[in-house]
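In the order they appear, the protein sequences are chains A and B. The opening position of the first sequence corresponds to residue 0 in numbering that gives the first Met the number 0, with each subsequent residue numbered one higher. The opening position of the second sequence corresponds to residue 0 in numbering that gives the first Met the number 0, with each subsequent residue numbered one higher.
Check before you lean on any hint, since a few could be wrong.
[Unchecked claim] Simulated crosslink set (BS3-like; lysine-lysine; CA at most 30 Å straight-line):
1) B/K25 <-> A/K6
2) B/K24 <-> A/K155
3) A/K205 <-> A/K40
4) B/K183 <-> A/K2
5) A/K144 <-> A/K225
6) A/K6 <-> B/K310
7) A/K2 <-> B/K24
8) A/K225 <-> A/K257
9) A/K2 <-> B/K190
10) A/K151 <-> A/K140
11) B/K24 <-> A/K1
12) A/K160 <-> B/K467
13) A/K2 <-> B/K144
14) A/K286 <-> A/K257
I should point out that these hints are in silico values taken from the structure, not numbers from a laboratory. Just so it is clear, the structure is predicted and the values come from calculations on it, not from any experiment.
Chain by chain, the residues:
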Amino acid sequence: MKKFILKIISFVLLFLTILLICFTLPATPRASKSLLFSNVKKDSLLKNTISPRLILVGGSNLSFGIDSETIKDSLNINLINTAIHANIGLQYMMDNTVKHIKEGDIVLLSPEYNHFYGSYVYGRGELLRIVTQVNFLDFFKLTKKQILSVFKYIPKYSLSKLNPLEYIGFREHDIYSVNSFNEYGDVYTHWSMKQRVFPSANKIKKRYNPNTIKLINDFRIELGEKGSNLFISYPCYQASSFDKNIKQIKKIQKELKKNNFKILGTPERYRIDDSLMFNTPYHLLKKGVNLRTKLLIEDLKTNSITN
Amino acid sequence: MLFNSFDFAIFLPLVFLLYWFICQKKLKLQNALIVCSSYVFYGWWDWRFLSLILFSTVVDYTIGQRLRNEEQQTIRKVLLWSSIIVNLGFLGFFKYYNFFLENFVDAFSLFGMQINANSLNIILPIGISFYTFQTLSYTIDVYRKKIEPTKDFIAFSAFVCFFPQLVAGPIERATNLLPQFYKKRTFEYHKAIDGMRQILFGLFKKVVIADNCAEYANQIFNNSADMNGSTLVLGAIFFTFQIYGDFSGYSDIAIGISRLFGFDLKQNFATPYFSRDIAEFWRRWHISLSTWFRDYLYIPLGGSRGGTWMKVRNTFVIFLISGFWHGANWTFIIWGALNAIYFLPLLLSNNNRKNLGIVAEGKLVPSFRDLISMVSTFTLTSLAWIFFRAENIQHAINYLSIIFSKSLFTVPYYTGMEKTMLLILIFVVIEWVGREDSFAIESLKNIFNPIIRWSIYIILIILIVLYKGEESEFIYFQF
Numbered sequence: 000m001k002k003f004i005l006k007i008i009s010f011v012l013l014f015l016t017i018l019l020i021c022f023t024l025p026a027t028p029r030a031s032k033s034l035l036f037s038n039v040k041k042d043s044l045l046k047n048t049i050s051p052r053l054i055l056v057g058g059s060n061l062s063f064g065i066d067s068e069t070i071k072d073s074l075n076i077n078l079i080n081t082a083i084h085a086n087i088g089l090q091y092m093m094d095n096t097v098k099h100i101k102e103g104d105i106v107l108l109s110p111e112y113n114h115f116y117g118s119y120v121y122g123r124g125e126l127l128r129i130v131t132q133v134n135f136l137d138f139f140k141l142t143k144k145q146i147l148s149v150f151k152y153i154p155k156y157s158l159s160k161l162n163p164l165e166y167i168g169f170r171e172h173d174i175y176s177v178n179s180f181n182e183y184g185d186v187y188t189h190w191s192m193k194q195r196v197f198p199s200a201n202k203i204k205k206r207y208n209p210n211t212i213k214l215i216n217d218f219r220i221e222l223g224e225k226g227s228n229l230f231i232s233y234p235c236y237q238a239s240s241f242d243k244n245i246k247q248i249k250k251i252q253k254e255l256k257k258n259n260f261k262i263l264g265t266p267e268r269y270r271i272d273d274s275l276m277f278n279t280p281y282h283l284l285k286k287g288v289n290l291r292t293k294l295l296i297e298d299l300k301t302n303s304i305t306n
Numbered sequence: 000m001l002f003n004s005f006d007f008a009i010f011l012p013l014v015f016l017l018y019w020f021i022c023q024k025k026l027k028l029q030n031a032l033i034v035c036s037s038y039v040f041y042g043w044w045d046w047r048f049l050s051l052i053l054f055s056t057v058v059d060y061t062i063g064q065r066l067r068n069e070e071q072q073t074i075r076k077v078l079l080w081s082s083i084i085v086n087l088g089f090l091g092f093f094k095y096y097n098f099f100l101e102n103f104v105d106a107f108s109l110f111g112m113q114i115n116a117n118s119l120n121i122i123l124p125i126g127i128s129f130y131t132f133q134t135l136s137y138t139i140d141v142y143r144k145k146i147e148p149t150k151d152f153i154a155f156s157a158f159v160c161f162f163p164q165l166v167a168g169p170i171e172r173a174t175n176l177l178p179q180f181y182k183k184r185t186f187e188y189h190k191a192i193d194g195m196r197q198i199l200f201g202l203f204k205k206v207v208i209a210d211n212c213a214e215y216a217n218q219i220f221n222n223s224a225d226m227n228g229s230t231l232v233l234g235a236i237f238f239t240f241q242i243y244g245d246f247s248g249y250s251d252i253a254i255g256i257s258r259l260f261g262f263d264l265k266q267n268f269a270t271p272y273f274s275r276d277i278a279e280f281w282r283r284w285h286i287s288l289s290t291w292f293r294d295y296l297y298i299p300l301g302g303s304r305g306g307t308w309m310k311v312r313n314t315f316v317i318f319l320i321s322g323f324w325h326g327a328n329w330t331f332i333i334w335g336a337l338n339a340i341y342f343l344p345l346l347l348s349n350n351n352r353k354n355l356g357i358v359a360e361g362k363l364v365p366s367f368r369d370l371i372s373m374v375s376t377f378t379l380t381s382l383a384w385i386f387f388r389a390e391n392i393q394h395a396i397n398y399l400s401i402i403f404s405k406s407l408f409t410v411p412y413y414t415g416m417e418k419t420m421l422l423i424l425i426f427v428v429i430e431w432v433g434r435e436d437s438f439a440i441e442s443l444k445n446i447f448n449p450i451i452r453w454s455i456y457i458i459l460i461i462l463i464v465l466y467k468g469e470e471s472e473f474i475y476f477q478f
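The shape of chain B in the complex, shown without the other chains (with noise of 0.2 Å):
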């Protein structure tokens, strides 16, 4: 189901009025309609894949419970690997054995050995890869006891399934989320109301912003051979807003839905086409996943106590293992490298962590130095998504060297752009104004005259209608 169709418009209200006005009294029963609606909200893809969230829930809850009681560290290791092994091998099954297979046959042919191996055709779940991270951040907090295990059942499979971020996140961690499952919830209105204007503020980001500029992202990347050096720049650019407006779009609507039911989820994007440096754009795009692979892996890892070449190390497994996450495909690959390469010099001078605050608080506008730090950023960014976006490593290859030829400095093929170019800068001066807060828009409940706030509201319902684009799938679900 998804959040921009016509079932869904269906689906959350009564889901919504079901929560709060039958099950409100237990809270046993609201964590058992999380679980139904999340089921049916998932099954309406393909309900045969129910099934993988429902082991997956078993075993975590499992392993959970003999951890509670297991105090030989081997026993324990032995209960977390078994766990990672489990989710991980589902997750490398269906998203990277076709991938593993194709290249064992295409290296061993170029040592002159033929090997026969048929790929399977294998459908990926949606989903997959965030409730398989979400579920193991569970049993790795457990074996660290950071968190006690639960015995609620029916808690943790909300936790594993709840609908609003299971299928494109934010992936959330036990510490936070799974606690919340424990407490009587109550309907607030503020955050209701919040709710509803993260919600339309995603809508717009998703239905105005990200499927606008999928129509011509997919135009000029489909056909970039015969484009010009400027149009393939207008194509990176269109992407760049498609993919934020897509992935932010999905994560606004998630938290705004859950904040409808009373959950906070953590914020997931804050605005990282205004970041100064690499090292900044990464901790505001995708933060739960940023720091999970913070949390779970770069950390264990040695982070950047050790030398140099532990750092160094530890950053291209972070990028690289990042990029593969996002698609069996060598260009996700280079995605994560060419990031990686990225943040190599801030680690190396220790600049990594310089631009922690918000560009330009307080201030109406950035200085020049930091206007040019964000335009290099975000330029070095939309290069990057060009390997994200392309088919193949050759096709990416090929897009760049377009662009760095002389018909660069040609004018652009495109026509008719011009209403998708307006609208992004409308979403950039947006973007920016509500900088300094959780999502944009978060602000206008600061302004107390109804009248404007209902008007700003109905401005942004016309836009979505009249400009709305092709309707097309959230880009995240593929991960």
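This is chain A alone, in the form it adopts within the complex (with noise of 0.2 Å):
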């Protein structure tokens, strides 16, 4: 017995040896290209983009379905697209938004419907690798509740490093790179792209999450003590996915109006039609990204937002 458990407790320690090693190594070549990387030129456009701006924060509903220069051009502001991926988690994405407000900045908040459930709010595999290898000093930032939700992917992480592809003969992905973004932050390397192949969401299951409110509540506190203003808008979304999860959206829909925040349009009018999706319920095809940002700068001028 005690040659067993000693066995397994070195074989223990030899595992956590390699993934402490792993953790710390740096970002393999594969994952310098990847999308999150972008979060730096973002970061560096808060900060430089002279105020009163119109600040777009969400997931890749925003960065797959928004065309800035338009909106840009019709309400005679200055955009800056942070978005990037839904799995780095409302939170965070609000947190590092907020450092960089100046008096007078619009901030538009497009949150994914799944924000709302489970604990995606708090960030996923992706939050992990902005914090180990974009932003460093952001990791020490998170709260428990970030760190308990990206702790599970520590080892995946980790151990991605030993993955020979992650060093030799991969290609820059043709969407999801961090040179796939224009000069706002929109992606727009698929706008020249056919629609691909994929299946519409699955019902969310998880649990509706009332701290996403919270957080959201905080994050308009914050913006109004600095000076800035807070809307909603309905991300831009699969019709068939959108069907599949009325409820869901219903009941989202129903708290936002209840904590009275500033809502542009409804989620009915960003139920976009499954032909304008690129590929996933949540990207949108040029024709898509068209559409939604038209139905936006509508929604914009029809609260006054802007000139």
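Assembly of the complex is requested from the two constituent chains, each provided in isolation within its own frame, with the hints serving as guidance.
Now the structure itself:
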């Protein structure tokens, strides 16, 4: 028995040592080209773009669903699309934005519907990558819930550095690359591409998380203290996925209304026909991008947010 | 509690330490710990259904006691049937009530009679099909005087609810497992290490193979109407490996965990996809269920002793009931019927026991003939799995009609499947190399250099971590 326990402990220790060593290794060449590294450029836009600005915050429904230049030209306001990936978690997106806010800025938050269910709001593996490879110091600013949420991704993250395909024979991704973004922060490389085959979203089965609304409310207060305004817009969402999750979406709509957020449009308005989607239920083809941008401009104008 | 969950990673070492360090001196205490921990394990899902297990345990224990002293055959039969009715009654109510109700309503409506019958919102207790069959085997064996009824209620409870195999088997026989609860168990180093190895490979099968295959199988089956034939073929292959990885992975983990506690469970899968005919497949797939049906249904029905008609009837009975055991849906029944149809030519030509040995035993590669036989059997099995996986019969028929259309010869829709296909290929090679052992990586114990052995374990763990699919429940929990 003693021998068995000792062997198990030795094996676990060996494995943990490998994990630790891998954890501290720098980002692999393949990872360094990933879209997460666009965060550096987006932070620089937040620091350097002259105020007042319209700042878009959310997941890939924004990065793959907006033509910022059109909005800028139409509303005559500087625009920054900070969105990268929903898995970074809404909490980190908001925390990362608020520190760069200046007086007069307008923040348009467009969370994915999943952010209101389960622990999605706190982030997943992509958050771990951001805080260990891109904004290293942010690792120490994570809350307990964020750490718990990303904890399970540590083994995969660490061991991915042992994958030979991370070092040799990789090609920069055609859409999920640090170079896929335009000067405003929109992913534009897929604008010339055709629709890809992909399944519609599964029904959201996780429990509703009231903390998401609380976090958005805290964000609103912090923005208010800095002289900035928060607006919420619903994400563009593939019609067939939308219909599967109508109950969950209505719940979100009800809770947002109950908390008196300034909301642009309705979920149904951004229910996008399947033919306009690109490769996930949140990513749009260029035609879809044009439609969503047009709808958003109308909503922004209706609410007299800008001239 | 899932074997591949964080909760279980805490639960297992805790029970292990209590079992070997605190309870080691007293056998009763060890058995009591098994009962308590098994109830915690099961109650983690839904504690309400613990009462069902307890009730079933009390009923079969009591009937066993009565059978001990009862010599009168009529009363013995009454006792046996009481157990069968109680156990199958629960199973029937929880699993089949709505199915029968809906089918009766549909049948009457065919004759223009409208019946108002409300189906009940019944939750299926996890593992009910497994522990029901396990307890039934005890009563039947006591009735047949194959085993002495136990006086030890704790040992019997532990036999019924033994947590490694409680929810998805292997379905153990009282003759094999129950006596192990009477004997003092001492920790055996090599047995435990072997158990760990089997757990590791079981996890690999479940997390890497089954969960990755599930991702594509689900996508393809859920959107089959929009796919071409070649994509649907891939979907069927992915499901074929998903169900094998899932179920045999669970069995490997269950057997491995049992070894850690000093128990030996029977092998449940023996590389079934290398079978050369469907009869061999059924000797290698879910062995504990197949042999259960053989011993408690097929043989009592007359087995293959009677004439041709009786053989055919018994074969169909077994396969149809086996299909129905898997779920209250016509798809499972058709799946069973298909397997019976596959089996029939072998039975009628007396070739059903032709391939009893291991394919290409002692050789590196199979003969061309064996290869063709294996591919044919695999194809037939995969086609039958389409019914097993489909939502309903119409879905399966549509699926098959797309497969057997011109679009079979077009390029599959999905991209990004290469990784999963490569993993399947690696898995098939590992299984092929280890096909002569009770589980594929058993022979690693023969590698005496610990550095090489440990490196292989680390590689397997890295593969599990890196290629872990979306966490999902084991398919067989629903049965």
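Open item on the list: Of all the hints numbered above, which does this structure not satisfy? Sort the numbers upward.
Closed with: Violated: hints 2, 3, 6, 13 and 14.
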